[in-house]
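Take the sequences, apply the hints, and build the full model.
Going line by line, the protein sequences match chains A and B.
Each residue of the first sequence is one higher than the one before, starting from 1 at the first, in the numbering used here.
Each residue of the second sequence is one higher than the one before, starting from 1 at the first, in the numbering used here.
Source of the hints: derived by calculation from the structure; they are not laboratory data.
Be aware that one or more of the hints could be misleading.
The following label-pair restraints were derived from C-beta to C-beta distances [unchecked claim]:
1. A/Ser123 with B/Leu97: 22 to 32 Å
2. B/Arg182 with A/Gly169: 26 to 36 Å
3. A/Glu122 with B/Leu43: 49 to 59 Å
4. B/Ala42 with A/Lys114: 45 to 55 Å
5. A/Pro232 with B/Asp273: 52 to 62 Å
6. B/Phe179 with A/Ala170: 24 to 34 Å
7. A/Lys114 with B/Arg128: 31 to 41 Å
8. B/Phe179 with A/Asp172: 28 to 38 Å
9. A/Gly217 with B/Pro38: 52 to 62 Å
10. B/Val39 with A/Gly49: 29 to 39 Å
Incomplete in silico selection of chain B near chain A, CB under 10 Å [to be verified]:
11. Leu195
12. Ala201
13. Pro288
Away from chain A, derived, C-beta distances all over 10 Å, residues of chain B [stated by the list, open to error]:
14. Thr91
15. His93
16. Ile108
17. Phe153
18. Arg187
19. Ala192
20. Gly269
Idealized CB from N, CA, C, for every residue including glycine.
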Amino acid sequence: MTAAASFDLLEVRNLGKEFIIGEERVLALKDASLTVRKGEFICLIGASGCGKSTLLRIVAGFETATSGSVTLRGKPVAGPGPDRGMVFQDYALFPWLTVRENIAFGPTERGLPKAEIKDKVESFIDVVGLRRFADAYPHQLSGGMKQRVAIGRVLANDAELVLMDEPFGALDAMTRERLQEELLDIWQRTHLTVIFVTHSIEEAITLADRVVVMAAGPGRIDRDERIALPRPRDVAAADFNAVRRELGAMLHSHHARKTA
Amino acid sequence: MTARDQTVADLPAAPPAAATAGRPGLLRARRLALRAQPVLLALVVPALLFAFWQFATANRWTRLIPTPYEVAEYMWDFAFGGIYDDAFSATLHVHLLASMSRVYGGFILAAAAAIPLGLMIGRIAVVRQLLDPFFQLLRPIPVTAWLPLSMIFFGLGPKSAFSLVFLGAFYPILLNTVFGVRSVDPRLFEAASMLGCSGSAMFRKVVLPAALPSIFTGLRLGLGLAWFVIVVGEMTGVPQGLGAAIMDGRTLSRTELVICGMIVIGVAGFLSDKAVQALGRRLLRWSPQHQ
Ligand SMILES: Nc1ncnc2c1ncn2[C@@H]1O[C@H](COP(=O)(O)OP(=O)(O)O)[C@@H](O)[C@H]1O
Ligand SMILES: [Mg+2]
Chain A
1 MTAAASFDLL EVRNLGKEFI IGEERVLALK DASLTVRKGE FICLIGASGC
51 GKSTLLRIVA GFETATSGSV TLRGKPVAGP GPDRGMVFQD YALFPWLTVR
101 ENIAFGPTER GLPKAEIKDK VESFIDVVGL RRFADAYPHQ LSGGMKQRVA
151 IGRVLANDAE LVLMDEPFGA LDAMTRERLQ EELLDIWQRT HLTVIFVTHS
201 IEEAITLADR VVVMAAGPGR IDRDERIALP RPRDVAAADF NAVRRELGAM
251 LHSHHARKTA
Chain B
1 MTARDQTVAD LPAAPPAAAT AGRPGLLRAR RLALRAQPVL LALVVPALLF
51 AFWQFATANR WTRLIPTPYE VAEYMWDFAF GGIYDDAFSA TLHVHLLASM
101 SRVYGGFILA AAAAIPLGLM IGRIAVVRQL LDPFFQLLRP IPVTAWLPLS
151 MIFFGLGPKS AFSLVFLGAF YPILLNTVFG VRSVDPRLFE AASMLGCSGS
201 AMFRKVVLPA ALPSIFTGLR LGLGLAWFVI VVGEMTGVPQ GLGAAIMDGR
251 TLSRTELVIC GMIVIGVAGF LSDKAVQALG RRLLRWSPQH Q
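Written out as structure tokens, the structure is:
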């Protein structure tokens, strides 16, 4: 996807976040700045504890920043809203609602006309490939299917920016690969903007237009690398491996510095 | 893996044809035995107790307790009359209905008060700080201790009985509702708020359904306790009711009447619980713990 006809959708400026645990202060984020253009697929990568989830949660509006600002389409973000949809690693589906009802939750809450809700919900059930399970409850689904419901739920709610926090982290390799493919397919068809947290270099290179590398102590944005490989990407190709080696070296140099 | 945690994705395969072919009779017998087993097992202890009772009274270990046969005969008279024709003949339905109206009335009032209160105590910090210590303080006081005060407030009669049943059922429902709300996965609130849900809609759409399994546990315990306290509740000078009948039996030294009252309360409480459980299973179809 080219960024030519697009604009800056999300602007994160000098974001800082301090947690106070008892007597101790943890600087989870320091001076993090990031601009995301409409339609971009961004992967956030970095060692655990470097503030990836914190950054995502501030953008989602679940946490407030200690300093700095987040604006979406130029408007400051204050609290959670339907324009930003979060896909959690542990799904967070409503267990008392069926697949169809979970997907309908957002449109219903926003009070859209009944007919419109129905159209939307039915079409997104198909988009995420859950037609046969539309009336099943979450506990009857596999992990991969649950994550599809979670994706369908934010898509049906017209989220413009989809935030995904290690969404495929708990899934087996095969399911993960399929979901990556499907996610890319959906992204290309629906012109979404995605920020995707992962700790797999391979996953980041498979998915991203840009890989943003974060580092810990204090949590900060360290590198911002554009992945120029053509799509669809082939994990076995030589150029893919070259990029993987390069990014791996970056991540490991942090690790070496941190643990030295 | 039990049948209940099967996912839709791996529905059971058809049983191998060879195993079932040619022996349908045997299979049906085995299936019947499987279904009868829990019922039979549940009857073992009551049957033993019954046998012991029969044995002990037949051998005159005590003369104060009537034999099972006497009690059965009395139960018949209590229900349908025609044997003794005394003041209690054919009055079972009157007492049962009177007690049921108090048990269910008090229980429904308790649920109507405890569920909204519990939702608010669980979810709103100010309400919790305001009310939680107060309820914790009142909770250890047994219903029996409230009897005199209740009679002062509500006078002799059914109102007092109502209020005592209410007290008995209130705390388990309240505590379980609070517990249910407190243990909702906070991610669900985040998910709902990002989907555009807020304010009172959060109560209806997330807090209530998420706490429902726990609320149902509270309702079961509460209804059980409502039956449990009915005898105390009917010590308030009501003329009718199973508790009143038991207290009359005690004053008149009619032990068979006391035992009949106990049996009816036990069975009525048991059936009430089954009804609540069935309702719970319907409303909680989505929960793997309630299949
Ligand atoms: N709610 C919280 N309270 C206190 N500390 C937190 C909280 N959330 C995150 N942290 C701390 O902030 C830092 C960054 O955490 P996080 O954003 O979860 O990292 P990541 O997602 O990259 O693994 C960690 O040191 C973590 O302990
Ligand atoms: Mg994280």
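For each hint, the structure was consulted:
1. A hinted range of 22 to 32 Å is violated for the C-beta pair serine 123 of chain A and leucine 97 of chain B, which are about 55 Å apart.
2. Between arginine 182 of chain B and glycine 169 of chain A the beta carbons are some 28 Å apart, a value that agrees with the proposed interval 26 to 36 Å.
3. For glutamate 122 of chain A and leucine 43 of chain B, the hinted distance range of 49 to 59 Å is satisfied, since their beta carbons lie about 52 Å from each other.
4. Distance hint check for alanine 42 of chain B and lysine 114 of chain A: the Cβ-Cβ separation is about 49 Å, which falls inside the suggested range of 45 to 55 Å.
5. At about 59 Å, the CB distance of proline 232 of chain A to aspartate 273 of chain B agrees with the hint of 52 to 62 Å.
6. In this structure the supplied range 24 to 34 Å holds for phenylalanine 179 of chain B paired with alanine 170 of chain A, their Cβ-Cβ distance being about 28 Å.
7. Here the CB-CB span from lysine 114 of chain A to arginine 128 of chain B is close to 38 Å, well matched to the stated 31 to 41 Å.
8. Between phenylalanine 179 of chain B and aspartate 172 of chain A the C-beta distance comes to about 35 Å, which sits within the given range of 28 to 38 Å.
9. At about 60 Å, the CB distance of glycine 217 of chain A to proline 38 of chain B agrees with the hint of 52 to 62 Å.
10. Between valine 39 of chain B and glycine 49 of chain A the CB atoms are about 56 Å apart, so this pair departs from the stated range of 29 to 39 Å.
11. For leucine 195 of chain B, the interface hint holds, since its Cβ comes within 10 Å of a Cβ in chain A; the closest pair sits about 4 Å apart.
12. At its closest, the beta carbon of alanine 201 of chain B sits 7 Å from a beta carbon of chain A; the interface hint therefore holds under the 10 Å criterion.
13. At about 4 Å, the closest approach between the beta carbon of proline 288 of chain B and any beta carbon in chain A falls short of 10 Å, and the interface hint on this residue holds.
14. Listed as outside the interface, threonine 91 of chain B is consistent with that label: its C-beta sits roughly 45 Å from the nearest C-beta of chain A, beyond the 10 Å cut-off.
15. Every beta carbon of chain A lies more than 10 Å from that of histidine 93 of chain B, the smallest distance being close to 39 Å; the non-interface claim holds.
16. Distance to chain A confirms isoleucine 108 of chain B as a non-interface residue, since its nearest Cβ pair spans about 23 Å, more than 10 Å.
17. No beta-carbon of chain A comes within 10 Å of the beta-carbon of phenylalanine 153 of chain B; the shortest separation is about 40 Å.
18. In this structure arginine 187 of chain B is not separated from chain A by more than 10 Å, as the shortest Cβ-Cβ distance comes to only about 4 Å.
19. With a closest Cβ-Cβ approach of about 7 Å to chain A, alanine 192 of chain B is found to fall inside the 10 Å limit, against its non-interface label.
20. Listed as outside the interface, glycine 269 of chain B is consistent with that label: its C-beta sits roughly 29 Å from the nearest C-beta of chain A, beyond the 10 Å cut-off.
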